[in-house]
Structures are given as structure tokens and as C-alpha cells.
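> Residues per chain are reported as follows:
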Amino acid sequence: MAVELDVFVGNTTIMDEEVYQLWLDGYTVNDAVKVRMEGGVLDECEASADVLLSDTMDQYRTFQMCERLLHSPAKLANQCSNDFPLLCLSLFRYYAFDDAFVREVLGKKLSKGTKKDLDDISAKTGVTLKSCRRQFDNFKRVFKVVEELKGPLVENIRQHFLLSDKLARDYAAIVFFTNNRFETGKRKLQYLTFQDFAFCAGQLINNWTVGAVDNMVEDMDVDLDKEFLQELKELKILITDKDLLDQHKSLVCTALRGKTKAFNEMEANFKNLSRGLVNIAAKLTNTKDVRDFFIDLVEKFIEPCRSDRWTAADMKLYLTHYTNSAHILDTFKHQVVWDRYMGVIKSCIFKMYHD
Amino acid sequence: MPGKLKAKIVAGRHLPVMDRASDLTDAFVEVKFGNTTFKTDVCHKSLNPQWNSEWFKFEVDDEDLQDEPLQITVLDHDTYSANDAIGKVYIDIDPLLCTEAASVISGWFPIYDTIHGIRGEINVLVKVELFNDLNRFRQSSCGVKFFCTTSIPRCYRAAMVHGFVEELVVNEDPEYQWIDRIRTPRASNEARQRLISLMSGELQRKIGLKVLEMGGNAVVGYLQCFDLEGESGLVVRAIGTACTLDKVSSGSAPNTNTHVHPNTAPASNACNSPSKDGKESPLAHGCRSTHNSPVHSVCSSQRLSQNFSVSVPTLIFTGMGSGGSAGKEAGPLKTLLRQHTQTALEQRGASSSGLLLNAREFPFFTLTSFPPGFLVHVGGVVSARSVKLLDRIHNPALGNTRSYKLLDWNSVTADEPETRDAWWEEIRQEIKSHAKALGCHAVVGYSESTSICEEVCILSASGTAAILNPRYMREGCLDIGSTDHRFEDPSPPSCGFCHIPYDELNMPFPAQLTYCYHCRRQKVPDVLFTTIDLPSEAAVTGKGCLIQARLCRLKKKAQGEVNATAISNLLPFMEYELHTQLMNKLKLRNMNALFGLHIQISVGENMLLGLASATGVYLTALPAPGGIQIAGKTPGDLSNEHHILTIQKRINDTIAKNKELYQINPPELTEEGLGSPIPEPRQRSRLFRSHSESSDELSELDLSHGKKDAFVLEIDDTDAVEDIHSLLTDAPPPTGFYSCNTEIMPGIYNWTSGIQMFTSVRVFRLSNANLTNQGLNKIFTDLCENLLKSFYFKLRSMIPCCLCHLNFTVAVPEEELIQVAVTAVAMTFDKDQAQEKPAEKPINKGSSENEEQLQFPLELCADVSSANTQPSSKVSGVPESTNVSSRVSSLERCSPLPEGRSRSLRSSRSFGGSSVTVVKMTPLSFLPGIRIIKYLGIINMFFIRETTSLREEGGVSGFLHSFIAEVFAMVRAHVAALGGNAVVSYSMKECVLMENPNKNQAQCLINVSGDAVICVRETDQEPTASMTNIGQTCCSANDGAT
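Residue numbers (full-length UniProt numbering), protein chains in the order written: chain W, 1 to 355; chain D, 1 to 1042.
Hints should not be assumed to be uniformly reliable.
Claimed, not checked - With the Cβ distance kept under 8 angstroms, some of the chain W side facing chain D (calculated, not the full set):
(1) Ala2
(2) Glu4
(3) Val9
(4) Gly10
(5) Thr12
(6) Asp43
(7) Glu46
(8) Ala47
(9) Ser48
(10) Asp50
(11) Val51
(12) Leu53
(13) Phe63
(14) Gln64
Unchecked claim - Listed below are the simulated EDC-like cross-link pairs for lysine to aspartate or glutamate, each with C-alpha atoms no more than 20 angstroms apart in a straight line:
(15) W:Lys140 with D:Asp23
(16) W:Lys144 with D:Asp23
(17) D:Lys45 with W:Asp292
(18) D:Lys657 with W:Glu46
(19) W:Lys288 with W:Glu231
(20) W:Lys288 with W:Asp225
(21) D:Lys778 with W:Asp50
(22) W:Lys186 with W:Asp355
(23) W:Lys233 with W:Asp339
(24) W:Lys346 with W:Asp292
(25) W:Lys283 with W:Asp241
(26) D:Lys555 with D:Glu952
(27) W:Lys130 with D:Glu30
(28) D:Lys32 with D:Glu129
(29) W:Lys288 with W:Glu299
(30) D:Lys6 with D:Asp23
(31) W:Lys186 with W:Asp196
(32) D:Lys556 with D:Glu816
Just so you know, the hints here were simulated from the structure itself, not pulled from any lab data. Source: prediction; values computed, not measured. Ideal Cβ placement from N, Cα and C applies to all residues, glycine included.
Please put together the full structure from these sequences, using the hints given.
Written as C-alpha cells, this is what we have:
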């Protein structure tokens, strides 16, 4: 004796948010039933375990059916469906992700290889495998769709997936990282959160990509501006020209003197730090070095500063003067490139300079 | 050339990828009507093609316009191989043929494929230009409006009710033709869909012709059904009630009851009812009984029968009633059996055309609720069943390799409809004679159904025998004659329908009659069963509830006549037990009437399933039901005695609990608490009169007193114990829930706007091969109970809410499967005010009108003394009444709430425009808080879905779930294309699921229907809305007063 078939279809879909979350979190039907029973839902409505199982199965099936729509949400608006408001709500939760999970895959190729590693990631982060898969597939889906589109990245994501502004920005960051394959997994970068990276991605997208100068090209927000990267090489003069380097240092030191406790360390390390930053700029034409952008920032700049116990305010002060002083150097002709470069570096380092 | 059909294909969107290489599609469209086909250009490489075609024009007969659907096929162009079909859209253009309905069909239609489901959408524009045709011999019936709604549609007024119309058409089922062996499943499904669409069109046209012939302009309560008879063919049949409807322009006639919102109906009917006999005000409908009469609970006023033995049911109820025992008495059953052996099965059916009668000769009405004053008396349920063998002899075409001609089915099976007609004819005759026996000249709430298993077919018809007011009828429609005298003695509207229509001295069956507890003037039965909705003017105590009787009976597998005989032998036993169960459950809930009774008996290879659903209520006019008394047959046994005592206690407890649950406080209980300010002499004289009148009644009572104090159940064997257990297993709905199978819940009047329509299907596999009847019964009962529990659980967020129009359909699709399909709507209501019935007539009206009205309460109060049904309506005598009304008006003035609320409603109104995407659906004829302003036409759709990848689609559940969701989406799309924003009277007539998990295959057929409407939110200008508000304020005012 068994229930062979059991369906319940409403003219508008009834969605239990709790069950939806359990489904998103990758619980099996039986586990979800257990969780719900412990939650006491039975007591409030005088129902039996059978009823709960039937309801859970039904909800899971509904979600699975909706999943198709959620994959191409742009169609949602047109479908003759009574569930549009509901689907929009569920969409948001469907495309939400765990920071812990995204931190693991950020910058990795969204390939089958990575997908195979998902069980390791699941074990490491405590996010269920099913949920990992969903999140991974979401990244991949968004990536594939916006890859071929013209126009601003965030806007494209928002329109095609009907996501909130915040979520769309996060997805843009993920797409950007994935596209440029930034290395984020090294131990030295472990202390950085997804939100740190997302902020940096936003900076890079807004200032360093093709889209920053021309907003009608394909991939405008995904690829870095090649010409710009080429021009960055010119900045090398700041460290190769001995006079210029000394001049820059003295200008900065004059400005900083007496304003910070770490002045001595700043003065001592100036040349090293400046070399570090300018070298990062000069090497960005190599894809390999683009990938190591963040690790380089940490190794060449953030770590030395941290070992000298700079405060965040010290850092701000130093970088401001470091950037501005270059303008006074009369033999330094690359002011525009310098500003475009340092503007992003400054804000990225500010964001990344924490424990 | 009386019509020109024009269609334009605008665009498509979200088409499926048909070319894997490019991930795109080269789509074009074929538009076909009749035998003419047009094509659009191919729109290359696009999933969102813009065709923007020219207008395709079809010049056709209006007959074809009615029969044929517009068929739109979307295809993928392929240069080298055959073009691939993407899917189809069938558009029924009937709504365009009616001047009052839709003028254009325009919208996005889901493109449907029977294998893949919905695949994208297509935007289509359709128009019709009709030329007037003055040919009297025309075959078309354009302009006749069809309504699924089983009451006079809101925004119409019934000028005349003409009567019963029926028709059926027969064809071979394409699925069973030889060609089906060589064509693809898709082709076969499409042939079937198209054929049924054609047959429905033809059927509707033919019915329309009959209506025109009768002088009507509309069919109300149109009920169309399919009989998939397998090899012997496909029958599409329909019944309905022909009417002449006048459109009521909204707002102009605020006092017309036909468009009054039902939740205010009890109040407004009372004031608007043109009752010339309005001596009685509903205010005083609580009658005081002058004698403390013992409760008599005996016979129900029903008749039912198999077609082979008319006397059977009478015997049954004799056994049940006067014997005072529901035990299995041997006497009547023996008689039954004898009669069966004598009865020859009429398998061949009487095909003589002599039986063909004019439709007028059947005074049947498919309506279930009526304008006030229409229904005079109700006799009881009449039903008839007959078992037939689907015989191939009548269809000599089968077996021959004759080619299939789609359009020529009339000639193919020329003699077939007559056979089927004759079968139904017999049944209708029988129903008619039953109604006559009950002293009634009409049958209302009439419906017909079939259950088919292999070659056996059970035809069933049921309805409620009634006497109608001839004022609404065309002359000659009803055979009044002898019953005429009753109209001279009109009864008050709130209890009149309960009064017996038959002659007291010459009763068709033994029944306990008492004087009406309301008016004290006429006799009422102790229990009343009906198939109609509760009349809005009826006085009810407390709330109603869903009552179901469920029954399984095993049967040996057999073939042909042996099988048919076995089934027909089982039927009376099943009916008997279902009625016993119903009666017991009714008593257990302390109620005395059933409305919306629907008994379905479904036949399978090795079992019969019976499911009776109804809504139980306590009618104030009827006597209070007695309890249930348990009696053992072996008094000596002590343990047994003890057992009986415990059961008796449980039953008594349950009854007490139910009384509380359904708020049944019969007048007797509240009697003492009421002071009566009525002038003494008057009261006395009236009381005296009523005494003298009821003297004969009293003597009658004395005779029966003592032995029929309560309904007696005898426990003489295990069966009876089981029965009692099953009686007690029905769990009441959880707190905050009510359920009923009628349109609205008796006792709830203030619906809020939250509605949720749903369809649920469950199939249960019996694994145990040697099941007993008891075991089966338990499984079946649990199945139904669990379904209800699931609904309550799922809809818990809507509390307080009521599941209305719970429509259960049972089937035995395969040997060990039981299928239950339910469609219902959950509606929220305002809990705070749900306790009270809206105050009644005099209060609702302005105080100026009160003067006139109040004479009646005075007189009545004297008549009836001070006992009132409802604590809320404890308004007796002038002073208090005026008091209340003044309080009401002040309340109204100082409370800005109702007005403010309706204003906010109006501002947020997003209805009415074509931009609305949300299409509401409900099985009811109305939407709470929403006013229907236009009926756009009938929606009648038939879909087949098949899959060969069942597992991949999530098993049968996943398959059916998505199919039902797709059906909803298609219904909504079609309604939206007609310019509508809601479907009322929606129902799923058929849901046939066949599965073969081993082959990974499944097929499902669904037939749905309803009325497409445009509706707007009620505004404060709407008279009914304001009336509701006043009614509700009244309640609270009354509460304050008491």
C-alpha cells in the first residue's frame, strides 16, 4: 500500500519559506521533514508526519519545477503566471550565496574540474554539496549569459536575472574575478573576505576596464584595458630613474614628517614599497601577473607595512602623499596613467589593510 | 457566407531551440480553420520571432464558426527534412460570436505540445465579422450564451426559465482506430484533442439551437462531460438549463437579487424579496416550540433507485426509519435480492425511438441556487442509476478497416447517439417519476454522470425533487395541475422550502413529520437531503460542515453480463450503506439537513467505490436531531455491555463537541434567557391557535414517543463495530478551518478577498491482494481524510479560512489503484464577525422603511413567542428594534472605517485593464469582494499530455503536477486573451491518468471548464458592498446590545 501519486497545484503557488530554505540548503526530503518536525510545525496545525512528508515532497517538487524558470528569469516576466511576485522573491534567495563558498571558488575557472572539487569545498565550508552545486551553477550561468553581452556588467546582470543591485554587484565581481582568473586562494590571501574582493573588483571594473573609457564594446567590463596596461609600463621611470626616485621620496617624507609615529619606518622602506607598487603596475601586461595582482599587493606592500605596524590612518596618509607627490615631479610626464593606477590601488589597499 | 473570421499572427517568444547546431529556431506558423490553411513567412534564426503577418481571412458558415476551433500550429522550418512541429494552440472562437461577450481575442497563448508541454508563447489576434442570417432553417445558434455557473449569473436577470436542454454526440475514439497503430503518439493525441474540440463545438451549437427553439437566449448550468468508452467510442454529452436572461446594467438596479453578492444575500434577500406573502419577518424566525417535543430522527426524505427496481429505496428507508434501527435488517434486503434476480438487465437499451421525448417533458433544472421565491418546496433527493454494457453491436463500423473521417462522424455512427439517448431517456424518466412520487413537479440541482470500466458503464443521475414557482416558468414547462393548490398558501421564504411538498396522508415513504419550527404552520420532515446549494434566505443555526460517506466494495472480476449483474447487485447495498453513513454522520454532528449532496459510484475491475459528499447544516425550521443510541444484540454479555457503554459515551462526547464546534445552539437552549416585551393577549391567542393546530401532530408524536427518541445503532457483529469506528474517525477540521462542498459555507457571511483555488490528485496503490471490504474501507477513508488534512496543513497560512466547493472525484484507473482528485477553493473570512449572521431585514433598511416592516415582527413575535434562533437577533418588539437601528446609523456615522476602506480599495484597483496578468480562478460563481461586470464566454478546454520520459520528469507526480500547472496557465492565457481577469465556476471534469512506469511512459487527459469574466473590486458605490458593511456593523451593534 503506498501513495503512488500525490500532487497539489494551486492557482497561485503556495511556498513555505522554511522549506524553501531547506531546499536551497540542500537538505533531502527526509532530512527536511525531520528539521520541520523538530521545529514544531506539526503541533501548531494538528497534522501528522504523513501530511508533513507529503507537503515537503510537494514543495520540493514545486521548487524543482520553478528552478527551470529561475534559470532564465527574464522569461518570468512574460510567462502567463500568477506567481510572478512570488518567483521574484524566491529568485533572490535562489541566487544568494554563502560567502564562505564563493571565497573558495573566486577566481577559479568555472569548469568541470572545479565542479569535481566541490565535495572538498563542501566539506571545508560546511555548505552542503547540493547547495554548493547550485551556487556554482548560478555563477556559471550568470557568467555565460553576460559573457556575450554588450553594455555595463552590473546592469546586464540585473536585467537578465532580475537581481537586486547589491546582488548584481556581487555577481559582477564574481564574473570579473573568474574572467581574469585572479588568484585568491593562497594562504597569504586567506584573511581577505569576499566583500573585500568584491569591493576591489568594483574598483577595477570602474577604472581599469575597457568600459571605463568606452561603454559600447563587448566584454567592456570584464577585460582590463590593454592600452592602459601598456601605458603602465611607463611608470617604471619612477623607480628606474634614480633622481626621480630620490626626489619622490624626499617630497613624500617632507609631507609626512611629524604627522605619524611610523615615519621612520616609512622613510626607511620608501624605496622598497615604491618599487613594489610600480613593479606591479609594470608587469600587468602579463596575464600571469594580472592573476597574481592581489598576492603581489599583499606581499609587496601590505605585509611590509603590517610588519612595521602601520595603522590604517598611516597607510592612508602615506598613500595619499605618495600619489600626490608624483604630480610635483617635473620630469614625470604620466600623470593621467598614474592617477588611474593609484586611484584603484589606493582604495584596494585601504580595503585590504586589515587583520 | 454568414461570417468572416480574421486572424493575425503577431509574434512568438521563448520558443524552444529546434536547431541544435545554431541553438536557434526557424519558426513559421500555419493557421487553419476548417479545411483552409494559411502560412506565415519563416522567421529565421530567432527564438523570439516577429511575424507580423497579414490578416488571414476565412469566409465560413456560422455553423462552422461554432463547431470548429481556430487551429494554430507553430513549426520549425527545415530545408532538407520534414518541418518539425513545435506545438499548437486551439482557440475556441465561440465567445466572439456573441455580441455581448468578447469582441476580439488578442494575447499571448502558450504553444502546447502533447509530448513536451508548453513550449513558448505566440501572440495572436482574432476577430469575427458576422452577417445577419435570417434563414429560419439555419443550423447555427450563434448568440446563445453559455454559462457553467449553476445559478443565474450575476449581472443578469432571469426573465424566464425555459427548462432542460440536453444533447449528446458520439464518435469513434481516434485512439482506438486502426490508424493509431501506425501514427505517432503526438498525431494520435492531436487527433483526439481536435476531435473533442469539434464535438464540443457541435454539441454546444445543437444545444443552442434547442434553446432558440424554446425561445431562450442562454444556457445556465451548462454541464458537459466526456465518456471515454474505449473501443465503443467517445461520447460527448451536455445538459443545461435554458433561460431568457436580461442584462442588468451594473448599479442601475441595486435591488435585484440576481446580482447580489452571496455573502450579503441572507440580508439583502430578506429586504428585496418580493414575497407577497411577507407576513413573516425573518427577524423572528426563531420559533418557540410550545411543547418540548422529543426528537424524532428517522426517515430521510429520499428516494433513490436502480433502474431495475424502483421500490428498493423505499424499502431501505423503511428499514432504517420506522424500525428505528440502522442495523442490517434482513427483511428489506431479502426483498431487494429477490427483485434483482427478477430484473433483467437492459443491456441493449431500448433503442426504439418511441422514447424520444421533447425536452420540455423533463422539468429538470441544472441550477443549484435560485432567485428568491423561485423555489417553493423541496421534496428530497431523487436519483437513478443503471448499469449498461457498452455494446459493439451498435457500432458495426468497428472491426472493419474503414478509414477514419473526422468530419463525418454523424454518418459513421448514425445510430449510436440514439442508443445513448435512449439510455439517458430511461434514467430521466425514472427521475421524473420519483419526483412525482414525492409530490413534486420539478427536479432541481440535476446532474448526470457515468463511470466506465472496460465494457461496463454505470449511468447515474440525481437531483432534488422540488416545487417551483410557476411565475418564472414558461407556460407548459411544468406539469403543475394537482399541486397547484399549494401556491395559494405561500410560505415564508426562510422556511418555505423545507415544507413537505407531498401529501401528508399519502406519503411516498414513512417519515416523521412535525410542524415547521419556524412558522409552525406547515409540516416539515425531520431530515432533509438535497443536491442544491443552501437557499440564501434559509435560516440556519450555527455553521455547516463537509460530511462524507466513503465505501469500498470488492467484486469478483468478470466479463460481460455476469459482470454487469454483479455490479447491479452491489449497487443498492452501496447506496444503502452510503446513506446510513451519511445519516449517522449527520446525527453525530447534530445537524438535520444535507445540501449539495453528490454521490459518486465508481467502478473498477475488482471493486466499486462509493463517495458521497455533502454539506451538513442545522436548519432552524427542522426539528433538532436526536442522538445516536448504541444497542447490542446480545444483552447477556457483560464485557460487550461495557464495550457498548464506552462507545456510547464516545459518541455522546463527539456530539457534544460537534455542537460546540459548529456553534449549534438550537432555539430550545436559548429560550429561557430571553425576555419578551410582547403584549400578552396577542401572544396568548396566537399560542392557542398554534396549539389547536398542532393537536393532531401531538397525538401522532405520542404514538412514536419513546421508541424513536434517538437513532439506534445495533452492534450485532464486527461489521457494525467497524462502522461505528469509522464513524468516529472523521477528524474535525483544525481550529480556524471550515469546509463545505457547497458554494459558500452556511453560517459564514463576511468573506475577505483572500482566495486560493487548487487541484489535488492522489493515487493510492493497494499492494495487498487479499483485502477485505473493511480493510479497503479503512484505506479509502484514510485516503480522503489525509487529503483533507493535507489541505488544512498547506493552507494554514490562510486561517481563518473555509474550503468551499470541495469537489471530490474518485476513480479506479487500474486494478489496484484508487484515484481521488479534488478541486476546491480556500477563502479567507473575517473571524471577528464570522460568529454572527448579518442582521436582518428591518435593520438593514433605513428607519423609514422600518415602520412598515415592523408590523410583522410584532405579529410574529406574538405568534412565536420570544425565542429567537440567534442570540444576535434577539430583537423582539418595537422599542428594541428601533433602538438598534438608531444605534446602527450612529455607528455608521461615527465610524469612518468602511468608507475609508473601500476608498483605499478603489485607489489600489488594478483590475479591469488588459494589462492585468493575474487571472483569478475559482470553482464558485463569484469572487468575494469583487464584482463581475461582464461574462466573456465559456472556457471549455481539453488537453492530452503524454510522456515517454516519466522518470526524467519527476515520476508520475512530477508529470501530473507540471501538466496541471500548464493547464492552469493555458486557461489563464485564454481568459486574458478574451480580455478577462478571472474564471468563475471553474471545474476539472475529467482527469484520466494512465501510467506505465516500466516503460517510462504516462498519459493524462484533462478537461476543464469555467466562465471567463471581467470583474472589478467592489466600491462603496456598489449597493451590496455598503450593505455588507451595514450588516456587519449591525452585528456588532447587536452584540453590544445583548
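> Run every hint past the structure and note whether it holds.
Going down the list of hints, with the structure as the test:
no., hint, verdict
1, Ala2, "5 angstroms, holds"
2, Glu4, "4 angstroms, holds"
3, Val9, "4 angstroms, holds"
4, Gly10, "4 angstroms, holds"
5, Thr12, "7 angstroms, holds"
6, Asp43, "11 angstroms, violated"
7, Glu46, "4 angstroms, holds"
8, Ala47, "4 angstroms, holds"
9, Ser48, "7 angstroms, holds"
10, Asp50, "6 angstroms, holds"
11, Val51, "5 angstroms, holds"
12, Leu53, "10 angstroms, violated"
13, Phe63, "11 angstroms, violated"
14, Gln64, "7 angstroms, holds"
15, W:Lys140 with D:Asp23, "18 angstroms, holds"
16, W:Lys144 with D:Asp23, "14 angstroms, holds"
17, D:Lys45 with W:Asp292, "42 angstroms, violated"
18, D:Lys657 with W:Glu46, "17 angstroms, holds"
19, W:Lys288 with W:Glu231, "18 angstroms, holds"
20, W:Lys288 with W:Asp225, "16 angstroms, holds"
21, D:Lys778 with W:Asp50, "16 angstroms, holds"
22, W:Lys186 with W:Asp355, "16 angstroms, holds"
23, W:Lys233 with W:Asp339, "14 angstroms, holds"
24, W:Lys346 with W:Asp292, "17 angstroms, holds"
25, W:Lys283 with W:Asp241, "18 angstroms, holds"
26, D:Lys555 with D:Glu952, "37 angstroms, violated"
27, W:Lys130 with D:Glu30, "44 angstroms, violated"
28, D:Lys32 with D:Glu129, "17 angstroms, holds"
29, W:Lys288 with W:Glu299, "16 angstroms, holds"
30, D:Lys6 with D:Asp23, "33 angstroms, violated"
31, W:Lys186 with W:Asp196, "15 angstroms, holds"
32, D:Lys556 with D:Glu816, "13 angstroms, holds"
Hints 6, 12, 13, 17, 26, 27 and 30 from the earlier list are contradicted by this structure; the remaining hints agree with it.
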